[in-house]
Amino acid sequence: MTRDRLDLVLEAYFRPTPAPAGLAARVLAAAREVERVGLPFGGRLAIRASARGIVGIAPGGRSEASSAAARRLAARARTELAEYLAGRRTFFSVPVDLTSLPAFQRRVLQAAREIPFGEARPYAWVAHRIGRPRAVRAVGTALARNPVPLVIPCHRVVRSDGTPGEYALGAAMKRRLHALEEATPRLEGCTSTRIVCRVGCAHGRRMRPANRIVFASVGDARALGYRACRICRPAAAA
Amino acid sequence: MDRDRALMRDVAARDDAAFTELVERYGGRLLAVARRLLQTEADAEDAVQRAFLQCYLGAAGYRPEFAVSTWLYRILTNVCVDELRRQARRRGAADAAPPAPARDADIHRLDLARAFGRVPREARVLLALRYVDGLGYRDLARIRGISVNTVKSQLARGKRILRRALDTEGLL
Numbered sequence: 001m002t003r004d005r006l007d008l009v010l011e012a013y014f015r016p017t018p019a020p021a022g023l024a025a026r027v028l029a030a031a032r033e034v035e036r037v038g039l040p041f042g043g044r045l046a047i048r049a050s051a052r053g054i055v056g057i058a059p060g061g062r063s064e065a066s067s068a069a070a071r072r073l074a075a076r077a078r079t080e081l082a083e084y085l086a087g088r089r090t091f092f093s094v095p096v097d098l099t100s101l102p103a104f105q106r107r108v109l110q111a112a113r114e115i116p117f118g119e120a121r122p123y124a125w126v127a128h129r130i131g132r133p134r135a136v137r138a139v140g141t142a143l144a145r146n147p148v149p150l151v152i153p154c155h156r157v158v159r160s161d162g163t164p165g166e167y168a169l170g171a172a173m174k175r176r177l178h179a180l181e182e183a184t185p186r187l188e189g190c191t192s193t194r195i196v197c198r199v200g201c202a203h204g205r206r207m208r209p210a211n212r213i214v215f216a217s218v219g220d221a222r223a224l225g226y227r228a229c230r231i232c233r234p235a236a237a238a
Numbered sequence: 001m002d003r004d005r006a007l008m009r010d011v012a013a014r015d016d017a018a019f020t021e022l023v024e025r026y027g028g029r030l031l032a033v034a035r036r037l038l039q040t041e042a043d044a045e046d047a048v049q050r051a052f053l054q055c056y057l058g059a060a061g062y063r064p065e066f067a068v069s070t071w072l073y074r075i076l077t078n079v080c081v082d083e084l085r086r087q088a089r090r091r092g093a094a095d096a097a098p099p100a101p102a103r104d105a106d107i108h109r110l111d112l113a114r115a116f117g118r119v120p121r122e123a124r125v126l127l128a129l130r131y132v133d134g135l136g137y138r139d140l141a142r143i144r145g146i147s148v149n150t151v152k153s154q155l156a157r158g159k160r161i162l163r164r165a166l167d168t169e170g171l172l
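Top line first, the protein sequences correspond to chains A and B.
For the record, in the first sequence the residue sitting at position 163 is 163 according to my numbering, with numbers rising by one throughout.
For the record, in the second sequence the residue sitting at position 114 is 114 according to my numbering, with numbers rising by one throughout.
Chain A extracted, bound-state conformation:
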């Protein structure tokens, strides 16, 4: 290929400079910190399930499931939660069972569930969403008693000034979950199947790490010859 004036301009523009001093030491320090801190909740959560769905999630304690179907759902929730906390999942597909909760709290939690991964909404947004704009305080109380945190993302509800506000599992954990979601990619493609999925899709879970490509949008992936997954339908979710 003959090089023209544009090639020369681009070569000058992209010319590398030496690595900044101390880069390796900073990365090694960050790696030690990651290994020291570990996963949120130490990756350990107790899950209670009915045959209809997940009833409760709490750090520590014992898991409970009253039937074989409930045990299967609890196991599925455990897998999905572990993936979410490790930054490999952006949505939950395991069902929740809120039937024992008062109607108002169910509506509040359903509204919280509509907040997209990695985003946040104020308490007033939830109150508007359920048609009770003046019930902001009651919304806060209902969220504080969320029996299935993480799967129903009450941590995505924040104060109107953008600060995280309170959280049943601690304000520090709320900030950590926000940081986790901010750092988790949304879309990944598999180089062998040329399919793009939401991170956490069943198709993507079979993907070898070496075949994983991150995309910024489904449009970008399509432009490179990838097709959208028919299981997780990333375009509809984006």
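Hint data in this document are derived by calculation from the structure and do not stem from the laboratory.
Any given hint could turn out to be false.
[What the hints assert, rightly or not] Under 7 Å between C-beta atoms, here's a sample of chain B residues computed to sit facing chain A: (1) Pro64; (2) Leu110; (3) Asp111; (4) Leu112.
[Claimed, not checked] Simulated DEER-style distance windows between Cβ atoms: (5) B:Asp15 to A:Arg71: 42 to 48 Å; (6) B:Asp46 to A:Ser67: 25 to 31 Å; (7) B:Glu41 to A:Glu35: 46 to 52 Å; (8) B:Asp46 to A:Thr99: 41 to 47 Å; (9) B:Arg14 to A:Ala103: 53 to 59 Å; (10) B:Asp46 to A:Gln110: 32 to 38 Å.
Every value quoted in this text rests on a predicted model; they were computed, and no experiment measured them.
From the three backbone atoms N, C-alpha and C, an ideal C-beta is built for every residue, glycine too.
Using the hints, position chain B against chain A.
Okay, now just chain B, sitting in the frame of chain A:
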């Protein structure tokens, strides 16, 4: 086994000296790619640091049939593309072109940065890899998991947009 692969084997065994040598070998090139993609020095350094962190923590998963450079560029471009998504979301438009950097000593460079910002995201990634390290079509295809023909068409499209923008400004 070449030196890069030997280094990766030692990094997987948590040899900090080997990791430092790997960073010295590739840090400058990775930073040059990230700098042009992300436009700000702080975002670029952060992306390179995160890419090397993933390299260190995931070294045991490195497969020697990949060249180490291919593997590192794959990790870095995954990090940068996700950061570009965040930048676009912060600006409120998922596919809007990024702003040119606020400060640059060289006015020519500023125009070039602005023109580069008009190139579609994935073509920008390929152009950066192509011109920082002189990578061939096959390497680029492997890094982004696409066909060689797609690499060629994306590069041609990106260069066409750059040429038009720079011609208009009288810079070519």
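task = List in ascending order the numbers of the hints, as given earlier, that are violated by the structure.
result = Numbers 1, 2, 3, 6, 7 - these are the hints that the structure violates, sorted from lowest upward.
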